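Participant: So the protein sequences, as listed, match chains A and B. Per my numbering, the first sequence runs over residues 29 to 521. Per my numbering, the second sequence runs over residues 116 to 258.
Everything labelled a hint here was simulated from the structure, so no lab data went into it. Quick caveat, the model's predicted, so the values are computed rather than measured. Ideal Cβ placement from N, Cα and C applies to all residues, glycine included. Treat each hint with caution, since some may be false.
[What the hints assert, rightly or not] Derived coverage of chain A by chain B (criterion: at least 3 residues anywhere in the stretch with Cβ under 8 Å from a Cβ of chain B; other residues may be distant):
hint : segment
1    : 160 to 173
2    : 347 to 355
3    : 414 to 423
4    : 475 to 481
[Stated by the list, open to error] Using C-beta positions, here's what the derived DEER-type ranges look like:
hint : chain 1 : residue 1 : chain 2 : residue 2 : range
5    : B       : Glu164    : A       : Gln41     : 53 to 59 Å
6    : B       : Asp214    : A       : Ser292    : 19 to 25 Å
7    : B       : Ser159    : A       : Asp159    : 21 to 27 Å
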Amino acid sequence: MGAPATGRSALRQHVTRVADTVWEIPPTAKPGMRVPARIYATAELLAQMDDGVFEQVANVAMLPGIVGHSFCMPDGHWGYGFPIGGLAAMDPDHGVISPGGIGFDINCGMRLVRTNLVFDEIRDRIPALVDALYKRVPAGVGARGFLKLSDAQFGEVAVRGAAWCVEHSYGWPEDLDRTEERGAIAGADPERVSARALERGRQQVGTLGSGNHYLEIQVVRPEHIFDPEAAGVMGIDRPNQVVIMFHCGSRGFGHQIASDYIQSFLPLMQRKFDITLPDRDLACAPFSSAEGQAYFAAMKCAINMSFANRQMILHRIREVFAEVLQRDARDLGLEMVYDVAHNTAKLEEHEVGGRKRRLLVHRKGATRAFAAGMPDIPAAFRNLGQPVIIGGSMETGSYVLRGVLSGQQTFFTTAHGSGRAMSRKQAKKQFRGKQLEHDLAQRGIYIRSVSYAGLAEEAGAAYKNIDDVIAAVDQAGLSRPVARFTPVGNVKG
Amino acid sequence: MPYRFLADQFTADVGFVASGRTLDECFTAAAEATLEVMLANPQSLQPRELRAVHAESESLDLALLRFLEELVYYKDTEQLLLRPTGVVVTQREGGWVADGSLEGEPIDAGRHELCADVKAVTLHRLEVRRTNGGWEATVVLDV
């Protein structure tokens, strides 16, 4: 069956449906493809995907050492080199590492925090909470964190990640148990990071950023708990419970590391590595080369800085809730559910063709979704599968899901958000930030934003429908929905 | 205005085409466009701080990328919003060099209407080309 006939990319004509929500572009569709490309989507979501997705998922299939397929998740849209929602597993001995397969905002990710509160208890306090969060969690252009770190201290953060924060009393020890990689991936080496990247990152620990980064107070409606047992294990255990979710990454630090290494790989690709690709944004180096290993070690610094960033923000959230509600954070039950990374490359063991293989898995705007029984899942979730946190637009809603065994088809990877359907410029033309703020208030969502222009860019209508994305990952068996959250307060970067 | 934003082509980010009769003007226009992505009212910027800028590369487009990266760097490290002045682009043995100054002031949320935080200048569609009237550059910023 062919794909819906919209868009201009010639590649759309080559797309065939291999399952209800799985579409394939064969390697014959574009010269240089080494493996087929697969897009996970409902027919409706596929039709909405921009042409860039089809070209880019095919380009990724050209990377040396790619194993199986080049993938795109249901929330996929155009990105740099890889599509956002892109996934590629590489043979670590013969394959490449590509900063474009990880993204500029290394370890951009989501953190979900539960509370003992129900909405009625704090309905009237939402504006006060949001206003205080807005003040205490810096956001927007050039935002600086409250931590004043020396170069040496920032180097420690880059190596020790969230553990550094907990050791310095910016968190609870159990927070680390609930963070992917326990908040610090091994092998980070600040010596592989430029002075410029260190300078950009040093002041930004504990800042939200801008663009699609946000901090939300949300409510779990009773009808939105789809898997009560799993929700209970995650601490989502009462009707109309209040939770907090936020999305941010490694800020200028990750961006500078990506920029530095993309620029350093470019002149070497043909001259030294004999690699030719159709897009400079796919700049890469053999993973086993000195250059590839240097980037891997530098990228890990940004992964750790990002875990630390989210840890510091959680610390601020606990302070704000305790102050505004005049109750201790532990008494309020402000416990982490989980912290997931979106933009990473990690060495993982996966079964391919009936045998276990070590693979370098690039996920860009895609979430790891390990199934029950797999290693690296917190003990509490060992029988459940890893929690997956998927944020929607600020107007719609967000989800927590869990990893399942059928996720093996995508190296245990699922979607990361709703994915943009409209460009920022288009959204700014169509929506007015101030009006949007007013409309949201009418619908019970109190919002504070650094910038009205930025707010307009993030209007709900600029995004795909989050429920469609979740339906697609559920139908495809990439992860199973546990609960849906409705926003009631939002701080927008 | 010697730059125009590209409306619908970049779903998540911001693209623009900057032009000028000379490369100096073209680079200057690209830096002005980058500033406007971050600051909706660039006329509010007062020239209180000055930073020298020097960017070079084997290729002209990468020289522009590195030149624009200076604006991002000072925004993140010193919280300075800056605009270009006295930019001179020259071809030398082994590549291209852009020299000049950036002037502006620290971010002041009271006076500055802040928009998107530019996080990187990307290679995507990056191009500096000759036109009938001079030079034109296409740039996509990650925001």
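Participant: If a hint holds in the structure, say so; if it does not, say that too.
Facilitator: Right, here's what the structure says about each hint:
1. 160 to 173: holds (count 5)
2. 347 to 355: Violated - the segment 347 to 355 of chain A has 0 residues with a Cβ nearer than 8 Å to chain B, which falls short of three.
3. 414 to 423: violated (count 0)
4. 475 to 481: holds (count 3)
5. Glu164(B) with Gln41(A): 53 to 59 Å: 55 Å, holds
6. Asp214(B) with Ser292(A): 19 to 25 Å: With a Cβ separation near 23 Å, Asp214(B) and Ser292(A) satisfy 19 to 25 Å, so the hint holds.
7. Ser159(B) with Asp159(A): 21 to 27 Å: With Cβ atoms ~26 Å apart, the hint holds.
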